[in-house]
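Asks: Just so you know, the sequences run in chain order A and B.
Counting from 1, position 17 in the first sequence corresponds to residue 17 in our numbering; the numbering is continuous, with no gaps.
Counting from 1, position 63 in the second sequence corresponds to residue 1063 in our numbering; the numbering is continuous, with no gaps.
Calculated directly from the structure, the hints in this document are not laboratory data.
Every residue, glycine too, gets a C-beta built ideally from N, C-alpha and C.
Wrong hints could be hidden among the right ones.
To be verified - Here are the computed distance ranges between Cβ atoms for each label pair:
#, chain 1, residue 1, chain 2, residue 2, range
1, A, Lys57, B, Thr1072, 36 to 42 Å
2, B, Pro1040, A, Pro8, 14 to 20 Å
3, A, Lys18, B, Leu1007, 17 to 23 Å
4, A, Ala2, B, Thr1072, 33 to 39 Å
5, B, Thr1072, A, Gln3, 32 to 38 Å
6, B, Ser1084, A, Thr86, 26 to 32 Å
7, A, Val14, B, Asn1098, 36 to 42 Å
Claimed, not checked - To give a feel for the contact side, a few chain A residues facing chain B, derived at Cβ under 7 Å:
#, residue
8, Tyr10
9, Tyr64
10, Leu88
11, Ser99
12, Ser107
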Amino acid sequence: EAQVTQNPRYLITVTGKKLTVTCSQNMNHEYMSWYRQDPGLGLRQIYYSMNVEVTDKGDVPEGYKVSRKEKRNFPLILESPSPNQTSLYFCASSPRTASNEKLFFGSGTQLSVL
Amino acid sequence: AQSVTQLGSHVSVSEGALVLLRCNYSSSVPPYLFWYVQYPNQGLQLLLKYTTGATLVKGINGFEAEFKKSETSFHLTKPSAHMSDAAEYFCAVSDSGNTGKLIFGQGTTLQVKP
């Protein structure tokens, strides 16, 4: 089944403890992206990647890192999480980087930073 | 810069009634417009998109939207609401820089009453 898989689904952590949220897609998509969803703000892009080893900042990149060493994986790294990073995170992918492409979303990771 | 405004964070309709979710956009270039739906505890799924051509776009589950350039609107409609339509709906516009980024509205939660 074609899908975007994120793990974990739920995560509670404490301020300053490094964490990684994994994202993997099995559709051979070139483009991958991370969004965070906050009430009243919709979804905002954190980082994106147009292909392997090509990543760039989105609208809210502060406090996050990403890597794209393989086409299928695009992990999101929080080196020193803070409470303002408590949010619902979504990974998404599309076949290519194009303005008219459909995004395929993972099921989300609910992160709470205490 | 592109932006999206969804009018009404919560909309409540009775089962069988018309569904109308409003979306207005701002774009410096001809826009690509999307509606996504998010069911509880799931990721976002594409309902429909407008790229070029016919301004009335039909999507899944009986939804449709009409692109009105003069009104900078892309409202989502469904003639008859079903209980299963209860979800959060997001309107989005593509970023003009061909980064693959979507700029989302704040979201509208649709409640369907029996």
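Asks: Could you check the structure against the hints above and give me the numbers of any it violates, in ascending order?
Replies: Going through the list in order, the structure violates hints 1, 3, 8, 9 and 10 and respects the others.
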